[in-house]
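Asker: Spelled out from the first residue to the last, the chains are:
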Amino acid sequence: MKLKNAWPKYYKKGVVTHYCPGCGHGIVHRIVAEVLEELDLGKRAIGVNPAGCAVLAYLYFDFDVIESAHGRGTAIATGIKRSRPDLFVFTYQGDGDLSAIGTAETIHSANRGENICVIFINNAVYGMTGGQLAPTTLIDMKTTTTPLGRDPKYDGYPLHITDVVAQFPGVVYAERVAVDGPAGIRKTKKAITNAFKTQVEGLGYSIIEVLSPCPTNWKLSPVDSFKWVTEVMMKEFPTGVLTDKRPGKE
Amino acid sequence: MSKIFISGNHAFAEAALRAGCQCYFGYPITPQNELGEYMADHMRKLDRVFIQSESETAAINMVIGSAATGARVMTSSSSPGVSLKQEGISFLAGFELPAVIVNVMRGGPGLGNIAPSQGDYFQATRGGGHGDYRTPVFAPASVQEIADLTYHAFDVADRYRTPVMMLSDGMMGQMKEPVVFPEPIGKLPDKEWALKGRGDGPSRYICSLILDVVEMERHNWKLVRKYDEIEKNEILYEEYMLDDAEIVVIAYGTTARIAKGAIKRVRKDGVRAGMLRPITLWPFPKKALADLCARIRQFVVFEMSTGQMLEDVQIALAGRADIVFHGRPGGVVPMPVEFARIIYREYQKMTKPQI
Ligand code: SF4
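In the order they appear, the protein sequences are chains A and B. Quick note: the first sequence uses the working numbering, first residue 19, plus one each step. Quick note: the second sequence uses the working numbering, first residue 6, plus one each step.
Everything labelled a hint here was simulated from the structure, so no lab data went into it. You may find that some hints are simply not true.
What the hints assert, rightly or not - Under the rule of at most 27 Å between Cα atoms (straight-line distance), these lysine-lysine pairs were calculated in the BS3-like manner:
| no. | chain 1 | residue 1 | chain 2 | residue 2 |
| --- | --- | --- | --- | --- |
| 1 | A | K215 | A | K263 |
| 2 | A | K61 | A | K30 |
| 3 | B | K265 | B | K354 |
| 4 | B | K196 | A | K61 |
| 5 | A | K22 | A | K207 |
| 6 | A | K207 | A | K263 |
| 7 | B | K227 | B | K292 |
| 8 | A | K215 | B | K201 |
| 9 | B | K8 | B | K265 |
| 10 | A | K61 | A | K205 |
| 11 | A | K61 | B | K201 |
| 12 | A | K30 | B | K196 |
| 13 | A | K253 | A | K171 |
| 14 | A | K253 | A | K263 |
| 15 | A | K208 | A | K267 |
| 16 | B | K201 | A | K31 |
| 17 | B | K201 | A | K30 |
| 18 | B | K201 | A | K27 |
| 19 | A | K207 | B | K201 |
Only a predicted model underlies this, so the values are computations on that prediction, with no experimental measurement involved.
Work out the full structure, taking the sequences as your base and the hints as a guide.
Answerer: This is the structure:
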């Protein structure tokens, strides 16, 4: 009998991740490793992992990885890709990393149309630091720094940064997906595959925003967290392709 | 080899090209814009990389990415911009990645002004960013030295896998002098540690996060052992008219040039003055200074700051000799006659019997 889900080649064996039960990171990690294997990119891949819950991703991924200071992932990726265009380069970033402290790097790497991929995990909250307000926190959502809920008049509105960069001519592929169930996971894998191929074909920047559960900071059970992604988060952040400028796709 | 008449800012860039610098990332700031412009002119023609980044922060992080692949890489800026780079410099130190960072200093704090200053000595020699680390710092005092030391800085960075700082100022950056450049490098050093994709080998990672405190402490001491090696092997300084000197000036960079003029002047009046000019600010030539104490009672420290290198001189002399300090912060460039007057006055105090 053939195992339908063999262990991905570029995911370390025998390591237990530090992620909380029901966290979306593990799912996306696995998808990344699978797509790298399917597209035969793992041998020349360099991942840039963020400051945040995924800071230890290099302990799980079995390809070359460099850590980034908080928010600087796409600048580091720019340096790598420009120095070695033959390498496959992607960043893996959270919402605080990518759309708060790293906004400038995000916008400008996208505007330069760097030939890199960005995996953007949006869980509407700062995970590692214990559940503070993120740029993507929903209106009225309670966090440790918005104890009464996010008041847009006081705390601002949820930031749709993927929609912003999707407008740029240099951003070739942008899609928002959600790992909220088997169908969402399949779509996420498809989107990441499209993004990775965009770079392999030398077309330019791609970004995949993944709505991802954080049961710990949402104070929901894993099952309810997945539901919350579908029922609440997706209302603010609708999934779908935001731009596809690949030849023949426009 | 023919001489080229060239500005300091261009000389930094040309020397980097010859040292095999493959990538340059930078953001415009006065008084060092000519450096980035020279790179913009030459790098792409040579099939190398030039990017004008969106910020100093982005530039230093592009440097990190580039250095991680094993490329020789440079960024440059001036004081406020170098402050922004400090986070990245700390990461370079933690990652043990080589890179060359040029600071063409201007008056500060804050935006300050665009005139020459030496106010970033503390920042450059004390680490600058967070955490326990050091950065080798070279302080050229002529355009020729800018060329030679920049070329050398790439070797030091690679040899010790460390960021290296070139500490200069607006005057050194803007002035033109004839320079003989080092020959372009033949073969770049192999860097087996660089990230190249795992290929058929095991995967690797570069990280500075070490949650285990015992491991982190080990890493810190490992860095210290490296810094000890640098202190042992890389100290540079110039001795100027020290043989018969009775009063010794300590100054670096632009200030040292001015001090030379002052020493020539007072020598005509029979003042036996000399100078020890640190070329590496970290590691600081402490021992050379300490050795001088055996016969020199009076030192004069000149800086275009309120007294930063002064502290290193105090540490080196450890109270065994008198130090007079004269500083001109804020972008003021002193005249040789001003320094001459101070040397002369101190010499008179030393040699004339007190009433
Ligand atoms: S805090 Fe949230 S994002 Fe972080 S590991 Fe736990 S569930 Fe995942």
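Asker: Give a verdict on every hint.
Answerer: Hint-by-hint comparison with the structure:
no.: 1; hint: A/K215 to A/K263; verdict: 13 Å, holds
no.: 2; hint: A/K61 to A/K30; verdict: 14 Å, holds
no.: 3; hint: B/K265 to B/K354; verdict: 21 Å, holds
no.: 4; hint: B/K196 to A/K61; verdict: 18 Å, holds
no.: 5; hint: A/K22 to A/K207; verdict: 16 Å, holds
no.: 6; hint: A/K207 to A/K263; verdict: 19 Å, holds
no.: 7; hint: B/K227 to B/K292; verdict: 24 Å, holds
no.: 8; hint: A/K215 to B/K201; verdict: 20 Å, holds
no.: 9; hint: B/K8 to B/K265; verdict: 23 Å, holds
no.: 10; hint: A/K61 to A/K205; verdict: 25 Å, holds
no.: 11; hint: A/K61 to B/K201; verdict: 9 Å, holds
no.: 12; hint: A/K30 to B/K196; verdict: 25 Å, holds
no.: 13; hint: A/K253 to A/K171; verdict: 20 Å, holds
no.: 14; hint: A/K253 to A/K263; verdict: 25 Å, holds
no.: 15; hint: A/K208 to A/K267; verdict: 15 Å, holds
no.: 16; hint: B/K201 to A/K31; verdict: 22 Å, holds
no.: 17; hint: B/K201 to A/K30; verdict: 19 Å, holds
no.: 18; hint: B/K201 to A/K27; verdict: 18 Å, holds
no.: 19; hint: A/K207 to B/K201; verdict: 26 Å, holds
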